[in-house]
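Student: Let the hints inform the model, and build the full structure from the sequences given.
Each chain is listed here by its residues.
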Amino acid sequence: MGDILAFADQQDGEIRGVALEIVSVAASRAAKLGGSAHALILGGDGTGKDASGLGAYGAEMVWVARDESLTHYIPEVYAPVVAEVARSGNYDAILFPATARGKDLAPRVAALLDTSLASDITRLDVEDGTLVAVRPVYGGKAFARIKFQGFPTVMSLRLNAFGVAESPASGKVQIMTPPVKGAGRSRVIEFQASRGGTMDVSEASIVVSGGRGMRGAEHWTLLEALRDALGSDAALGASRAVVDAGWRPHGEQVGQTGKTVAPKLYFAIGISGAIQHLAGMRTAQTIVAVNKDADAPIFGVADYGIIGDAFEVLPRLTEEISDYCSNG
Amino acid sequence: MDIIVCVKRVPDTETRVRITESGNSIESDGVKYIMSPYDEFALEAALRTKEESGKGEVRVLTLGDESSKETLRGALAVGADAAILLQGTVTVDGLATAKVLAAELEKHDPPLVLFGVRSGDVDQQQVGPMVATLLGRPCASNVSDFNLDNDTIVCRREVEGGVEVVELDLPAVVTITKGEFEPRYASLKGIMAAKKKPLEVKDAELVESKLTIDRLEYPPERAQGRIVGEGADAVPELVRALREEANAL
Ligand SMILES: Cc1cc2nc3c(=O)[nH]c(=O)nc-3n(C[C@H](O)[C@H](O)[C@H](O)COP(=O)(O)OP(=O)(O)OC[C@H]3O[C@@H](n4cnc5c(N)ncnc54)[C@H](O)[C@@H]3O)c2cc1C
Ligand SMILES: Nc1ncnc2c1ncn2[C@@H]1O[C@H](COP(=O)(O)O)[C@@H](O)[C@H]1O
Numbered sequence: 010m011g012d013i014l015a016f017a018d019q020q021d022g023e024i025r026g027v028a029l030e031i032v033s034v035a036a037s038r039a040a041k042l043g044g045s046a047h048a049l050i051l052g053g054d055g056t057g058k059d060a061s062g063l064g065a066y067g068a069e070m071v072w073v074a075r076d077e078s079l080t081h082y083i084p085e086v087y088a089p090v091v092a093e094v095a096r097s098g099n100y101d102a103i104l105f106p107a108t109a110r111g112k113d114l115a116p117r118v119a120a121l122l123d124t125s126l127a128s129d130i131t132r133l134d135v136e137d138g139t140l141v142a143v144r145p146v147y148g149g150k151a152f153a154r155i156k157f158q159g160f161p162t163v164m165s166l167r168l169n170a171f172g173v174a175e176s177p178a179s180g181k182v183q184i185m186t187p188p189v190k191g192a193g194r195s196r197v198i199e200f201q202a203s204r205g206g207t208m209d210v211s212e213a214s215i216v217v218s219g220g221r222g223m224r225g226a227e228h229w230t231l232l233e234a235l236r237d238a239l240g241s242d243a244a245l246g247a248s249r250a251v252v253d254a255g256w257r258p259h260g261e262q263v264g265q266t267g268k269t270v271a272p273k274l275y276f277a278i279g280i281s282g283a284i285q286h287l288a289g290m291r292t293a294q295t296i297v298a299v300n301k302d303a304d305a306p307i308f309g310v311a312d313y314g315i316i317g318d319a320f321e322v323l324p325r326l327t328e329e330i331s332d333y334c335s336n337g
Numbered sequence: 694m695d696i697i698v699c700v701k702r703v704p705d706t707e708t709r710v711r712i713t714e715s716g717n718s719i720e721s722d723g724v725k726y727i728m729s730p731y732d733e734f735a736l737e738a739a740l741r742t743k744e745e746s747g748k749g750e751v752r753v754l755t756l757g758d759e760s761s762k763e764t765l766r767g768a769l770a771v772g773a774d775a776a777i778l779l780q781g782t783v784t785v786d787g788l789a790t791a792k793v794l795a796a797e798l799e800k801h802d803p804p805l806v807l808f809g810v811r812s813g814d815v816d817q818q819q820v821g822p823m824v825a826t827l828l829g830r831p832c833a834s835n836v837s838d839f840n841l842d843n844d845t846i847v848c849r850r851e852v853e854g855g856v857e858v859v860e861l862d863l864p865a866v867v868t869i870t871k872g873e874f875e876p877r878y879a880s881l882k883g884i885m886a887a888k889k890k891p892l893e894v895k896d897a898e899l900v901e902s903k904l905t906i907d908r909l910e911y912p913p914e915r916a917q918g919r920i921v922g923e924g925a926d927a928v929p930e931l932v933r934a935l936r937e938e939a940n941a942l
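Chains D and S are the protein sequences, given in the same order.
If you read the first sequence in our numbering, its first letter stands for residue 10, the second for the next number, and so on.
If you read the second sequence in our numbering, its first letter stands for residue 694, the second for the next number, and so on.
Simulated from the structure, these hints should not be mistaken for lab results.
In this text the structure is predicted, and so the values were computed from the model without any measurement.
Check the hints yourself; a few may be wrong.
The calculated lysine-lysine pairs, modelled on DSS-like cross-linking and capped at a C-alpha distance of 30 Å, are [unchecked claim]: (1) 890/S x 156/D; (2) 762/S x 890/S; (3) 725/S x 156/D; (4) 748/S x 725/S; (5) 903/S x 156/D; (6) 903/S x 41/D.
Tutor: Listed below in structure tokens is the structure:
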């Protein structure tokens, strides 16, 4: 007992950045439980060349399940493989990232293992030798401390809420050929990349969100410029008002009926700060608000606020930040 | 095509949450309850599917207490044909809920079952895919739009960095996100008609919850922020603070 298994997501054969946080959490909690962390990578031929690299983040062992049928994510094919590996060890917990894929896969694995799942957790403690998770409920208006009965438990972790930590472990790679059960009853037909760029708002460590105060889709160039100045870990977000107006795709919406984000830095530009928007971003580490209304509720949660016109503030902000980022 | 939509009664998203003295639930007096917002999208998707094809029944299914009848009547008022209430206590354990729902769904075996992608209260984002797994059906989650055929459903799923188009064989399970399905309001005529529609109530065969809320806490207060200034002139101070105080750049 005491071991924890971390699902390490890959894309096109390469381990994704989000995996490092999951493996780091698995390693530190397993250490407290007196066990060790294992990671699991699923993918097509050639997957896992970089698998031993997870040792640097605390993975004692890295399972690589490699098969042509795992090249693309098909939940009905992936879930039984993860469940099989989970059963093969003595795991206290199986951890997933709370990405679209993680949130799709975790409940299926939990159901196959006949065990419960705590989704989108923001904290994971070890108390009296057992795991206790904390996760938001009621749109972030309360946090629930969750206790588990029965092992292994399954959890998905809110990205950026825990952080990445290095802790060297052996990272021994174990290649396995999973028993893959016949063709699934679902097929991926097509993938349409969104125009917003590849970094998803829920994964980004910096988010630049615009609201109705931006007055129209054509003004998003100002927000894009700020995002670009902030570097490749930054992504765009939006309020629902903006999505409803058709200025931005729903995939960028932050809030109760959109994505929940916990970045290091969140910019709310021309966003009033309605309770449903706050539900999606109040666990960000640092919040910056720019709003021309000094009474806007967003200033109630912001760490730093500028009262002013976004159209005047943004160009200056972009300029100062690119100066800083390019000069170090 | 017959469709069953699983819906849940939850506190209105505007509700102020007050934690009870025992510390593991919220006060329900004075709280307005609604159908979970994503379940409204799922119901709307089902109603439109029925209208477009001109055939089939839309039924709504819930696990909840007696008061959930009001939510089910609301669903009948906007156009669902029948409703089933499995009366019992709902917990934060989605697998316990999924088992109860799956057992009921098995009896009806509809070609399509719709869920909200996430519930407005515990927001576990799990019951739909769990039910699908228990029933051995294919499932697409986080779907913003779909097209039904005789034996397949083609879904647009919202995933990181874009939209994935997937095709599932029927019978299938789909969880709905906000997309094209802006919900309708009930008309007076609909509300009257709902009174005559079937609303079946039976005791839920509950299973043990293995996940429990030990304690609820209010969100940690954010440290008092500050206004760094007005207009573009405040930018240098903001950038300095982000760099030196917040260590965020
Ligand atoms: C069930 C439900 C679910 C919801 N889910 C979500 C959700 O997921 N996400 C979400 O965001 N909302 C959600 N909402 C909507 C939410 O209640 C608000 O309506 C929405 O967040 C408002 O968006 P906004 O702040 O962009 O617009 P507004 O509230 O109109 O605010 C615009 C702000 O811009 C400021 N402004 C105007 N011009 C300028 C300028 N030139 N420079 C600077 N500032 C300016 C104004 O002072 C104002 O504060 C939901 C609502 C309901 C009922
Ligand atoms: N008690 C319930 N009764 C009926 N459907 C439910 C219930 N709980 C959850 N669901 C369905 O499962 C979806 C996801 O819920 P959750 O996993 O709690 O986020 C909801 O949008 C509903 O469609």
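Student: Could you run down the list of hints and mark each one as holding or not?
Tutor: Structure-based check of each hint:
no.	hint	result
1	890/S x 156/D	41 Å, violated
2	762/S x 890/S	12 Å, holds
3	725/S x 156/D	28 Å, holds
4	748/S x 725/S	35 Å, violated
5	903/S x 156/D	8 Å, holds
6	903/S x 41/D	23 Å, holds
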